[in-house]
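Novice: With chain A's structure known, arrange chain B on it following the hints.
Taken in order, these protein sequences are the chains called A and B. Heads up, the first sequence stops at 618 in my numbering, and the numbers go up one at a time, no gaps. Heads up, the second sequence stops at 618 in my numbering, and the numbers go up one at a time, no gaps.
Errors might be hidden in some of the hints.
Identical copies carry no separate label here, and so any pair may be met within one copy or between two of them.
[Claimed, not checked] Taking lysine-lysine and the DSSO-like style, the derived pairs with C-alpha atoms no more than 30 Å apart in a straight line are:
no. : residue 1 : residue 2
1   : K516      : K279
2   : K576      : K492
3   : K571      : K437
4   : K246      : K469
5   : K576      : K611
6   : K302      : K246
7   : K246      : K275
8   : K130      : K307
9   : K516      : K259
Please keep in mind that the hints were generated in silico from the structure rather than gathered at the bench. The structure displayed is predicted, hence computed values, not measured ones.
So you can see what is in the structure, the chains are spelled out below.
Protein chains: 2
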Amino acid sequence: MIKNLEEIARQCRADILTMTTVAASGHPGGSMSSIDLLVSLYSFANIFPNDPWNEKRDRIVVSHGHISPAVYSTLAAYGFVNRDEVIAGFRHPSSIFEGHITRGIPGVEWTTGNLGQGLSAGIGMAIAGKLKKENYHVFVVMSDGESAKGQVAEARRTARKFNLDNLTVIIDYNDIQISGRASNIMYVDLREEYQAADWNVIEIDGHDFEQIISALKIAKNDKKPTVIIAHTIIGKGVSFMEDTPKYHGKPLSLDEYEKAISELGLSVDIEKYIKMREKLDIREHKQLKLKYEINIDTGNPKIYREKTDNRTALGNAIADLAQLNNNVVAIDCDLKSSVKLDILDKIKPEKLIEIGVQEHNAAALAGALSAEGFVTFFADFGVFGIDETFNQHRLNAINNTNLKVVVTHCGVDVGEDGKTHHALNYISAPLAWFGFKVIVPADPNQTDKVVRYVASQYGNYVVAMGRSKVSSITKPDGSLFFDENYEFKYGKIDVIRDGEDIVIITLGSVLPHALKAVDELAKEGINVGLLNVSCPFDLDEEALSRYARNKVIVVEDHNVYNGLGTLIESKLFNLKILPDMFIKVGIDRFPVSGNSKYLFNIYGLDSEKIKETIKSMI
Amino acid sequence: MIKNLEEIARQCRADILTMTTVAASGHPGGSMSSIDLLVSLYSFANIFPNDPWNEKRDRIVVSHGHISPAVYSTLAAYGFVNRDEVIAGFRHPSSIFEGHITRGIPGVEWTTGNLGQGLSAGIGMAIAGKLKKENYHVFVVMSDGESAKGQVAEARRTARKFNLDNLTVIIDYNDIQISGRASNIMYVDLREEYQAADWNVIEIDGHDFEQIISALKIAKNDKKPTVIIAHTIIGKGVSFMEDTPKYHGKPLSLDEYEKAISELGLSVDIEKYIKMREKLDIREHKQLKLKYEINIDTGNPKIYREKTDNRTALGNAIADLAQLNNNVVAIDCDLKSSVKLDILDKIKPEKLIEIGVQEHNAAALAGALSAEGFVTFFADFGVFGIDETFNQHRLNAINNTNLKVVVTHCGVDVGEDGKTHHALNYISAPLAWFGFKVIVPADPNQTDKVVRYVASQYGNYVVAMGRSKVSSITKPDGSLFFDENYEFKYGKIDVIRDGEDIVIITLGSVLPHALKAVDELAKEGINVGLLNVSCPFDLDEEALSRYARNKVIVVEDHNVYNGLGTLIESKLFNLKILPDMFIKVGIDRFPVSGNSKYLFNIYGLDSEKIKETIKSMI
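The shape of chain A in the complex, shown without the other chains (with noise of 0.2 Å):
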């Protein structure tokens, strides 16, 4: 077996150079310090060429994703993929086979890429896997470099918390990163940092076979989580690469090639690949997306009536959710009264994830958990579920997670925690999660519908709303608008108040205070058209073009510059409508610390200043 490995790795070796050669791209220095590592891993671990994606198959997670040539080559020595297409296509726009690797490739379980991630989305698949009871190991090969992020700390942490026995980290110790020795760089005392999270830790020599599977052994059967410390040496294979940083991310040119693959005792027609490659069309490839099928039970609205916050209709309809469906869990960051995730904690904790003040970690493996068929709310503040894991959620989304990221706490409605705190980007950051739709329920019976209605779609969500208590938001008549018989439809633009000639636009927190100042305006004889805008990515084109001819107001709790206001703008630009008068409110600078009701007075959000704004206007 030994010798079979040493073969394969050999190959491997080979394939390495000659596809980054052939792109002249790629990183073939970490690639040959990783391929003894990968080879050993996909020989061992359950997970098979003819049915890759098994329920039951073993997770492994590369997060270095930079050594893509490695993995591919491993992939298609074992059959998950076609030699011949790898070589040839290997960062060629009009090939799977990317810089970095991807979800979708039949042995790639995650996207990654940007370095330190990979172990949470590990931790994920392996919380997944308990959940589960399915009895799969997940794998986590990673780098020395990238082993000083902190997410990797955090993530050490939490497969102690939940005594993650399926889980085993690899890690490619090289000691040569893009500058210089790691060591030098920023030096990691791996043994010490994994023994301080009391992990099993393992030393082998990353080239020597039987080491790395009796380790693979070990770690896959003791009681702990497990991390394989596998010294190696960059560029291995090639007398002229190895212990050379050179070749980190610089392919060989032609004579270096021709002269590393003699070395390795093999011979290959490069030409053949080359022609290959130039007959490749110049086109996107189709994407990779991974999905699955949802059937959830949504349950029965819960309509509220007394004023209240969606924090807490958002709680209740989660709790409610997971009381009904077994495949709906919640990740929570140390809030869980704040976000009201103590009301599932009440009735099936086992279904609340705790990670406590770490949320790039959190985030990163909630996507995970979301892609392995739960429905996942990660539940935050928005400040920090949206801004602080604003890099976690783009690798999310690259991945086609099903997440539905809940944020609370939006807005200057946060009140007395101050600019810290303000959470002003929940519209804006996710126009940078490509995929990611924008929810902003008015008042906590919308909030029921959508938290519900989210939970049913598959995809990524982002549902955001602040943090007081609000009154239910009525018709003409007193009567609930969100009543039982309200729908929510994506995209839709409730008409709150009909009225054409001077229109408010708005959502979330601050539609309670417009609506108020709607009805008091209409005392006076004025009357003032109302537009809620629950979705701010899908503005509703036959409602814009009828209300927003004339005077309009967007009034909202979110950054002026970026928010619904500049979105209605740009939609209103593209339909070649000008109103008559448009006025944007919004937060333009770090807002002060106080009372939020003193906050939506300064900032122009509350029902007296909108009142003056509109009186401005006529």
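Specialist: Relative to the frame of chain A, chain B by itself:
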């Protein structure tokens, strides 16, 4: 002395309770557990109310900014601030005593509140002390809950790497956080983790003044970074508050308050403060903005005639500035040769601060370093320097730092590294960081001018550029557009080619492609105007009013939903200008991996595709 500290702490405990009860908001629990530490520390440290910003002062960073009542009461006790103003104004919009402590209040070095960032800021200050050869000491007070943040692990290693014996961390280990016991929520083995990073560890009773002072003495004088783990009791000093999570973020009712004050053996006229508060105006207080004079020799511009990447111009300009000025530093995250800081490294290695793959910590410490008088370049790939560090830069902006975020590898110009590495938010994300300005230079000559310009201005800037080599932009006569006589003026739109019927508006790495298209179209008799918008946040209304009336195409290597095109739409909408035709070209989905030449073609950014689009507009 100890007796005195005890007495001060007793008074501070009363003040903590008074201000939170008067405000009906705030965090009394952790304030009570931290107060003995703070009272000791401000007494021990070399900082005095009569000259609180003395360059030689010890720096005290309180990372868990929500214990502001403890900080404010301590500052009042030692005469840094007025006690009545604190108690009556706490968390009121007209008061500088915000919910989270704010840089600029005498004795407060850093605005905190987003947990886990304070140690990085302290490290920035400690590195600044070493660079300035000042003997001050930096004390960072933290909570146990926030110790779970990965950024703290990054910071710890950084302290070891730079041998920061001028740094001491004090952890308020009360073992309570919002959702319960810290050790249950996410256990952090503090001693083991700090020892794994080779820190001195001292454990004390955080309510025993002798132990506190003695630990501070040891920590200040030893030759390593030291952590003092102070075991404390939340709510300490009031029987019914002790060791109860409930009072983490909840003030006492008036009844509870009376009981607590009497337990403390004090009497307070709380009515006086309630009345004082009632008289406060409901208005925004003036923001506290510390800054310093910039005296920078910006040197002589370097002229590039050959095809060069903007990164090289960046690296050369930074090296030149560091050669000419002692107060210029650059931060690298293991991308030295890619972001061209290797040029600086060769001539001034002591000014290149290498933090490794620890971007969160790097961004936060860079901000603090810039606040300490260093013109600080934080160099990184766009995806790490913008997306990954979104919330760190937001906190830098809040702290009014003088940071130059210089990001390379923006856009699909990154090429083969693919979607995880395509930074598409370098314009949109900084809109969230109020006060930040964005500049996207087009060629190496403009890059050189821009880098020298931002160094000469106090404030936060993003300078964003691509990866590829680009031709220098030329005038119609073939001479350099950004030549020796060109002066960069922030906000000015460069009219590269005149023409008003069809106008291309672009920036950055697309400009050379657009220029090629325009010059080739001219040969076909099609006259197209070309504008370069290097400052997308501050659009030149005059130029837009003149050139953007007829047929307009905006092309950008950026997310098309929130980039230059959207900002121009918003500007034209507000100028009430509806061009006859307006086309936006940019990236509307996660791109594939491939040579940037191919990607520019696929996504409509190269000269061929631009020409096609123009022709379709005629």
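Novice: Could you run down the list of hints and mark each one as holding or not?
Specialist: Results of checking the hints against the structure:
Proximity of K516 and K279 under a CA criterion of 30 Å is satisfied inter-copy only: 27 Å between copies versus 66 Å inside one chain copy. Taking the shortest alpha-carbon separations for K576 and K492, both the intra-copy value of 21 Å and the inter-copy value of 27 Å come in at or below 30 Å. When the C-alpha separation of K571 and K437 is checked against a cutoff of 30 Å, the pair qualifies both within a copy, at 17 Å, and between copies, at 26 Å. In this homomeric assembly, K246 and K469 come within 30 Å of each other (Cα to Cα) only across copies, at 21 Å, whereas the closest approach inside a single copy is 59 Å.
Taking the shortest Cα distances, K576 and K611 sit within 30 Å of each other both inside one copy (28 Å) and across copies (25 Å). In the homo-oligomer, the alpha carbons of K302 and K246 lie at most 30 Å apart only across protomers (29 Å), although the nearest pairing inside one protomer, at 62 Å, exceeds that limit. Taking the shortest alpha-carbon separations for K246 and K275, only the intra-copy value of 28 Å comes in at or below 30 Å, while the best inter-copy value is 70 Å. Taking CA atoms no more than 30 Å apart as the test, K130 paired with K307 passes in neither setting, with 40 Å inside one copy and 56 Å between copies.
In the homo-oligomer, the alpha carbons of K516 and K259 never lie at most 30 Å apart, since the shortest distance is 79 Å inside one protomer and 41 Å across protomers.
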